[in-house]
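Enquirer: So the chains spell out like this:
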Amino acid sequence: RKEVEQDPGPFNVPEGATVAFNCTYSNSASQSFFWYRQDCRKEPKLLMSVYSSGNEDGRFTAQLNRASQYISLLIRDSKLSDSATYLCVVRVRATNAGKSTFGDGTTLTVKP
Amino acid sequence: DVKVTQSSRYLVKRTGEKVFLECVQDMDHENMFWYRQDPGLGLRLIYFSYDVKMKEKGDIPEGYSVSREKKERFSLILESASTNQTSMYLCASSLPGNSPLHFGNGTRLTVT
Numbered sequence: 065r066k067e068v069e070q071d072p073g074p075f076n077v078p079e080g081a082t083v084a085f086n087c088t089y090s091n092s093a094s095q096s097f098f099w100y101r102q103d104c105r106k107e108p109k110l111l112m113s114v115y116s117s118g119n120e121d122g123r124f125t126a127q128l129n130r131a132s133q134y135i136s137l138l139i140r141d142s143k144l145s146d147s148a149t150y151l152c153v154v155r156v157r158a159t160n161a162g163k164s165t166f167g168d169g170t171t172l173t174v175k176p
Numbered sequence: 028d029v030k031v032t033q034s035s036r037y038l039v040k041r042t043g044e045k046v047f048l049e050c051v052q053d054m055d056h057e058n059m060f061w062y063r064q065d066p067g068l069g070l071r072l073i074y075f076s077y078d079v080k081m082k083e084k085g086d087i088p089e090g091y092s093v094s095r096e097k098k099e100r101f102s103l104i105l106e107s108a109s110t111n112q113t114s115m116y117l118c119a120s121s122l123p124g125n126s127p128l129h130f131g132n133g134t135r136l137t138v139t
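Listed in order, the protein sequences are those of chains A and B.
Position one of the first sequence corresponds to residue 65 (the numbering used here), numbered consecutively onward.
Position one of the second sequence corresponds to residue 28 (the numbering used here), numbered consecutively onward.
No wet-lab data here; the hints were simulated from the structure.
Computed from a predicted structure; not experimentally measured.
Among the hints, erroneous ones may be present.
[Claimed, not checked] Over 12 angstroms on every C-beta distance to chain A, these chain B residues come out as not near it, computed from the model: (1) 43; (2) 66; (3) 106; (4) 107; (5) 112.
[To be verified] A short, non-exhaustive set of chain B residues, derived as facing chain A with CB atoms under 8 angstroms: (6) 88; (7) 90; (8) 91; (9) 127; (10) 132; (11) 137.
Cβ atoms here follow ideal geometry from the backbone N, Cα and C, with glycine treated the same way.
Please construct the entire structure, taking both the sequences and the accompanying hints into account.
Expert: If you want it as structure tokens, here you go:
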């Protein structure tokens with residue numbers, strides 16, 4: 065079983081739709097959580113950190129459920145420009161540097 | 028804004044060559060990382076460093092070595108390039124603890 069699992073999709077949604085991605089993790093020692101966005105043939109870029117109380121940034125809402133060991137990302141009012149792969153990242157502070165484990169990503173395509 | 032710069036976007040090398048991939052960050056980050064990303068396998072950690080001259084193996088260190096002589100620079104070395112090292116290589120840096128990673132724009136390496 066992978067340490068971090070995401071539904072690979074693809075998710076194909078119309079503009080304006082609300083879409084949600086889930087990500088589960090297996091290491092209960094995980095301490096920090098992030099969502100990244102990756103466009104085709106580009107590097108991953110930080111979308112948002114995920115805090116225990118949940119957090120929102122514009123149309124994006126991230127939530128953490130430590131008891132069930134999953135995080136989620138909700139995108140409201142989808143735009144064409146939201147089309148990308150979304151990577152869930154879980155970090156365990158095993159050493160000074162910590163270790164980040166990436167999910168394989170969920171692909172979103174927003175259509176006109 | 029954090030800037031992580033990788034020396035080459037595209038690189039073509041022959042089997043058996045020694046290959047150097049360079050990464051420089053300008054935010055005085057203690058931690059630096061090298062990942063490779065392959066279709067269907069996601070991002071996999073090769074090596075990381077949490078201080079000058081310090082290095083730790085990631086999940087797939089075989090066939091690679093690293094060098095961190097200065098805080099801002101982290102080099103990945105392929106001692107004898109092989110075709111199975113054809114991949115997208117991503118460098119990242121972060122502050123200590125559970126801070127997010129910031130990625131360079133990647134080096135697409137082809138070994139023929």
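Enquirer: Now tell me, hint by hint, if it's right for this structure.
Expert: Against the structure, the hints come out as follows:
no. : hint : in the structure
1   : 43   : holds, 27 angstroms
2   : 66   : violated, 10 angstroms
3   : 106  : holds, 23 angstroms
4   : 107  : holds, 27 angstroms
5   : 112  : holds, 19 angstroms
6   : 88   : violated, 13 angstroms
7   : 90   : violated, 20 angstroms
8   : 91   : violated, 17 angstroms
9   : 127  : holds, 5 angstroms
10  : 132  : holds, 5 angstroms
11  : 137  : violated, 14 angstroms
Hints 2, 6, 7, 8 and 11 from the earlier list are contradicted by this structure; the remaining hints agree with it.
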